[in-house]
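One line per chain: the protein sequences are A and B, in this order.
Counting from 1, position 94 in the first sequence corresponds to residue 83 in the numbering used here; the numbering is continuous, with no gaps.
Counting from 1, position 140 in the second sequence corresponds to residue 129 in the numbering used here; the numbering is continuous, with no gaps.
FYI, nobody ran anything at the bench for these hints, they're computed from the structure.
Treat the hints with care, since some could be wrong.
[As the list claims (entries may be wrong)] Part of the chain B face toward chain A, derived, beta carbon under 7 Å: (1) Gly58; (2) Leu88; (3) Val125; (4) Leu220.
[To be verified] Computed Cβ-Cβ distance ranges for the label pairs, DEER-style: (5) Ala39(B) to Leu100(A): 53 to 61 Å; (6) Arg198(A) to Ser62(B): 16 to 24 Å; (7) Glu215(B) to Glu289(A): 36 to 44 Å; (8) Glu215(B) to Thr261(A): 37 to 45 Å; (9) Tyr(-4)(A) to Arg198(B): 38 to 46 Å; (10) Gly310(B) to Asp82(A): 49 to 57 Å; (11) Thr80(B) to Glu236(A): 21 to 29 Å; (12) Asp8(B) to Glu86(A): 37 to 45 Å; (13) Ala(-2)(A) to Glu211(B): 48 to 56 Å; (14) Gln36(B) to Glu236(A): 37 to 45 Å; (15) Thr261(A) to Gln36(B): 26 to 34 Å.
Predicted model only: the values in this text are computed from it and were never measured.
Virtual Cβ for every residue (Gly too), placed ideally from N, Cα, C.
Number of protein chains: 2
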Amino acid sequence: MRATVMYSAGDVRVENVPDPKIQNPTDAVVRVAASCICGSDLWPYAQMPATPTGRRMGHEFLGVVEDVGSEVSGLDRGDLVVAPFVWADNTCDFCREGLHTSCRHGGQWGLDGVDGGQGEAVRVPQAEGTLVKLPVGADSALLPSLLTLSDVYCTGHHGVVTSRVGPGKSVTVIGDGAVGLCAVLAAQRLGAEQTILMGRHKDRTDLGREFGATDVVSERGEEGIERVRELTGGDGTHAVVEAVGAEQSMHTALGIVRDGGAISRLGVPQYTAVPLGMDTIMKNVTVTGGAAPARAYIEELLPDVLEGKVEPGRVFNRTVGFDAVPEGYRAMADREALKVLIQP
Amino acid sequence: MRATVMYSAGDVRVENVPDPKIQNPTDAVVRVAASCICGSDLWPYAQMPATPTGRRMGHEFLGVVEDVGSEVSGLDRGDLVVAPFVWADNTCDFCREGLHTSCRHGGQWGLDGVDGGQGEAVRVPQAEGTLVKLPVGADSALLPSLLTLSDVYCTGHHGVVTSRVGPGKSVTVIGDGAVGLCAVLAAQRLGAEQTILMGRHKDRTDLGREFGATDVVSERGEEGIERVRELTGGDGTHAVVEAVGAEQSMHTALGIVRDGGAISRLGVPQYTAVPLGMDTIMKNVTVTGGAAPARAYIEELLPDVLEGKVEPGRVFNRTVGFDAVPEGYRAMADREALKVLIQP
Chain A
-10 MRATVMYSAG DVRVENVPDP KIQNPTDAVV RVAASCICGS DLWPYAQMPA TPTGRRMGHE
50 FLGVVEDVGS EVSGLDRGDL VVAPFVWADN TCDFCREGLH TSCRHGGQWG LDGVDGGQGE
110 AVRVPQAEGT LVKLPVGADS ALLPSLLTLS DVYCTGHHGV VTSRVGPGKS VTVIGDGAVG
170 LCAVLAAQRL GAEQTILMGR HKDRTDLGRE FGATDVVSER GEEGIERVRE LTGGDGTHAV
230 VEAVGAEQSM HTALGIVRDG GAISRLGVPQ YTAVPLGMDT IMKNVTVTGG AAPARAYIEE
290 LLPDVLEGKV EPGRVFNRTV GFDAVPEGYR AMADREALKV LIQP
Chain B
-10 MRATVMYSAG DVRVENVPDP KIQNPTDAVV RVAASCICGS DLWPYAQMPA TPTGRRMGHE
50 FLGVVEDVGS EVSGLDRGDL VVAPFVWADN TCDFCREGLH TSCRHGGQWG LDGVDGGQGE
110 AVRVPQAEGT LVKLPVGADS ALLPSLLTLS DVYCTGHHGV VTSRVGPGKS VTVIGDGAVG
170 LCAVLAAQRL GAEQTILMGR HKDRTDLGRE FGATDVVSER GEEGIERVRE LTGGDGTHAV
230 VEAVGAEQSM HTALGIVRDG GAISRLGVPQ YTAVPLGMDT IMKNVTVTGG AAPARAYIEE
290 LLPDVLEGKV EPGRVFNRTV GFDAVPEGYR AMADREALKV LIQP
C-alpha cells in the first residue's frame, strides 16, 4: 500500500510499504477513507534531522474495518470507524480516568511498527478500545467533521474543558490554526460568554467568528496583551487556550489571564520553561492542558457532529490525493492551506 | 503601642508606634490576642535590603474588636475575631468567586499605612468583609488552632483543594513546615487515601504522621523522587503540594506527579520559571495553587476546629511575648522552632 514517510525537514514522500496485517488478536486493520495533515506535523517538517529509514506520518484517520483479530468484540468488517490520535485499551486505570494519552497499553501511530494514519490502511493495536464506530457510511458528507474527532476538535475541547470554560466565562484562544478554531467552536458549545480569538489570517479569523468568536485580536506581543485587556475591562479572561506552542504565545497567555484563571496548553511547546514567578502566585494562575485524550471525548462530541449542529470539518480547506501529500505539507507550512484532508 | 518592625535581613525590632484609630467608616480596630511568625517572614529575614523606615511585620492575628467604623455591620466591641492574611471587602466579583486575594478593594497587612499583625493592635480596613467572628472567648484553649485560620491551615487546605485531593486520591506534600503539615491535615480531612510527607525534621514529620501522613520521605532530589515513585508503584501521586518554594522542590514536584495530576504551589517562589516542556504536555500535568484566599475557607474549616476534630494549632511549638519576638524570628530561621506564637 502507499503511505506517507518523512525523511527529513521538508522531505516528505509517499512510498510503497507492506500491507498491514493482523499481528495480535487485539488488532484490527482499517482501510483509510480520510486522513489529514496536522499542525503538529509541521514541526518535524520544519526541523527533523535526516533519517535513512524515514518516519511514518499521520495520526488522524477514519476508515472501514477490513479485518479484526480474534479478541476484538463490537467491531465488524465494513464498520466505519474513527481513530483517536493515540491508541489505547480504554480499560486501564488511566483510560477509566479519561486520560487515554497515558494508557498503560497504548502508544502512538507511526512508531514501533505501527502504521501512520497518512496511508491507505492501518493496523490498529488495541482496536476494541481505540476505535469508535460511526453510524454513517463512508460516503457521508459528514466525513470531514467526523475526522476532526481524531484530534483537532477533541483537542480544542480539551483546551476549553481544562481551562474551565463554561456559561458566563470569558476565554481567549491564542492561534487561528485548526486547533485554535476548534477551541473557539468548543467554547461556544460550552456556553462561553466572551470568546476572543488571537490570529492574523483573515480567512481563518473569519471562520473563527462563524464558530463563535466574539472578538478578534490580530496584534501580537505587548500590543496583543493590551488589546485583550481593553476588551475585558482590564482584567483578562478567565480562560486562555494556548494553541501555538511558541514562547511568545505563552508570554501572551500569562499577560492576559484573569486572576484565578487557567491557561490550557495545546500547542507543541517550542520552549522548555514557563515564567511562573511571584506574580503568578499572587494571581493564582493555573497552567494546565496537554495532549488531549481524544478517545475520552468522542462519544460526547459525536452527536452534535452527526446532527450538523457543529461543523468542525470546515477547518479543512484543501483536499489532496496521495500523490499530492508532499504538496499538502508545503501548502500548510506556507500557510496557504489551513488544514489538508487526504482522500485516497 | 508596641509593634514589630523589620529594618533589614536579621534586624527585627519591637518598637513603639502610633495607636491605631478608625480612619475610614469601614475600619475596625482590633486588640490582638494572638499573632505569629510565618515561614514567609523568613524570606525577608534572610534577604531584605536595609530600609531606614523599616517594614511593619505580621499578617496572621486574632483578637478582640475594640472599635468599629460607622459603616461596619455585624461586628461589635468585645467580639473575638480572626483576620485572614489579606484584607478584602468580601463583596466584589473576585471575592464572590472565592478569590479574596485579588479583591478589588483589598490589600496586605503592614503596607500603605495599614498595621501589621505582629503588634498589640491593628486597624482593619474593610472590617466587615475581612473579619470572621469566633464563638469563643479570648481565653479559649482553641486560640492557637483558631489562629491558623489566618493563614497556614487555610493555605494547606488551598493546596489540597486546588490539586484536587479527595477520596481515593494520593498526594505528596513537599516540605515539613507549618504549611506543609497543615496540608497533610487538610488532605486527611478531604479523604486522601495516601499522603506522603517529604521532610527531614523528625519532630515535624512525627507530627505529620499524627496529622495523617501515611508515609514520610526524608530523601531529597533524585533520591526523593525515586522513593516516592517506589511508594506509588512507579506512578507518582495524583496531587503534589509544594510548600517550600525552592527551585529544587519544584523539580521534585514535577518528578513525582502522576500523569494527569496537579502540583499546587504554596511556597513563596525563589525561582522565576518552571520547566514545563514536552514531557509535561504528554503527561497532562497541571500547575496550580498560589496565595490562599483564606477568607473563602474560614467558615468551612471553622466547625472542625471548634469541635476539636482537627488541631492545626499543634504547629506552634514556641510562644513568646513582644520582648522576645526578635528571638522568635531567630529560632524559626534556625529551625529550632517550627512556628512561633506571639501573645501580649
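Exercise for the section: Quick one: which hint numbers does this structure break? Sort them smallest to largest. Expected result: 1, 3, 4, 6, 8, 9, 11, 12, 13 and 14
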